[in-house]
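Asks: The lines below spell out each chain.
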Amino acid sequence: MSKIELTVNGTKHTREVEDRTLLVDLLRDHLGLTGTHIGCDTSQCGCCTIHIDGRAIKSCTMLAAQAHGANIVTIEGMAQGEELHPVQQAFTDCHALQCGFCTPGMIMAVAALLKDNPNPTDEEIYHGLEGNLCRCTGYINIVKAVKQAAQTMK
Amino acid sequence: MFELSYLKAKSLSEATSFLSTHPEAKFLSGGMTLLPTLKQRLARPTHLVDVSALAELGGIEAKGGQLVIGAITKHYEVAASAVVRKVIPALAYLAHQIGDQQVRNRGTLGGSVANNDPAADYPSAVLALNARIVTNKREIAADEFFQGMFATALEDGEIIVRVQFEVPRRAAYEKFRHPASGYAMTGVFIAEFDTGTRVAVTGAGPGVFRWTDAEAALAKQLAPASLEPLVVDHTNLNQDIHASQEYRANLVKVMAKRALQKLLNT
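Line by line, the protein sequences give chains U and E.
Numbering-wise (our numbering), the first sequence opens with residue -2 and increments by one.
Numbering-wise (our numbering), the second sequence opens with residue 144 and increments by one.
Excised from the complex, chain U in its bound form (with noise of 0.2 angstroms):
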């Protein structure tokens, strides 16, 4: 067993698990933060993304144990009360979405790609999306909602 001592959206929280409990479901089981996904279990689709110190992580690819201390933002930490984050209204006003299980992790790893790259091209955002799996919209309006996220955070 480990004690894991970390930072969840601003909240300390101290949990004892097992030491092959993954993160994802520290999140998930332990804490409640259902919101992140696990879409695969292979590593391959990037629902479970979340940000570890502002850097997108897939989270059921870390041990929970490796995230001790560490400083972790979820996509129920995107929001500020009723105002949602401009990747979320994005993704809401240009449609980038159908049945929505990608979603938290496609906005996780939007937001990251903003902060490293705030004016993303076509092919900066085809790359920076590569990890994260949708099979509902074909991308297209997704790759809107990014353009649109990263005008309304110039």
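Simulated from the structure, these hints should not be mistaken for lab results.
Watch out, some of these pointers could steer you wrong.
Claimed, not checked - Think about it this way: if two alpha-carbon atoms lie no more than 25 angstroms apart in a straight line, the pair counts; the simulated BS3-like pairs of lysine-lysine are:
no., chain 1, residue 1, chain 2, residue 2
1, E, LYS153, U, LYS0
2, E, LYS229, U, LYS112
3, E, LYS206, E, LYS151
4, U, LYS9, E, LYS151
5, U, LYS0, E, LYS169
6, U, LYS0, E, LYS151
7, E, LYS400, E, LYS229
Said to hold, decoys possible - To give an idea of the interface, some chain U residues facing chain E are shown, with a C-beta separation under 10 angstroms as derived from the structure:
no., residue
8, LYS55
9, CYS57
10, LEU126
11, GLY128
Beta carbons are placed, not taken as given, at the ideal position from N, Cα and C, and that holds for glycine.
For this one, chain U is given, so just place chain E on it according to the hints.
Replies: Okay, now just chain E, sitting in the frame of chain U:
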């Protein structure tokens, strides 16, 4: 995932001595290959010894004609490093082509080199840039280090500390990405030195290799036309559902020409 114990190493000596007394323990850094392997139950280590925070394994430094990068340096750190971009921009470019942003945020140079996936990007740069792999025990030349599919000169319990790249005059990397995984179906890294040009190929064969015919041809004239008459022997290359041996042989030449053109344009 099978049950296991996690240990965060406080020093390199603690990590290596732990592995010498626990033969079924494994080093863990970014875990971008190791954790998916464990989740699929393809390996069953008793312990994971986390080395990702050891200062002894970090750092990026250019000195004396070498670029020295610590083993735990993440791909995004190499891609974004002002030092790497100045000294060997092709290496920063390669690091930015690995996997996806989430993988680049966790995966490490040492992990990629130690794993020696036949379709990984880094081994081609390590081999073409005539790097020396420094471990906790010794220094190994890249030409001796890579020994075929997932095989390296590393012994049990031996760990990569840093990689010392030889700084070339110019270098370039081009790969044909697998459209789903991003791995190299074929990737070619070309490095031009005062002493000659080295050409390393990843993704095409069972392990990274030097295309010595191309090196000899480019020694006469450093131009894409020098590669034109060469024939790549396809019989030792990989064949799978994605590409035949003949297709990969063609890709070697095509990627080499593109990389060379890019090198000449720098």
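Asks: For every hint, state whether the structure bears it out.
Replies: The hints, checked one at a time:
| no. | hint | in the structure |
| --- | --- | --- |
| 1 | E:LYS153 with U:LYS0 | holds (17 angstroms) |
| 2 | E:LYS229 with U:LYS112 | holds (23 angstroms) |
| 3 | E:LYS206 with E:LYS151 | violated (31 angstroms) |
| 4 | U:LYS9 with E:LYS151 | holds (21 angstroms) |
| 5 | U:LYS0 with E:LYS169 | holds (21 angstroms) |
| 6 | U:LYS0 with E:LYS151 | holds (12 angstroms) |
| 7 | E:LYS400 with E:LYS229 | holds (24 angstroms) |
| 8 | LYS55 | holds (5 angstroms) |
| 9 | CYS57 | holds (8 angstroms) |
| 10 | LEU126 | holds (8 angstroms) |
| 11 | GLY128 | holds (3 angstroms) |
Hint 3 from the list above is the single one not met by this structure.
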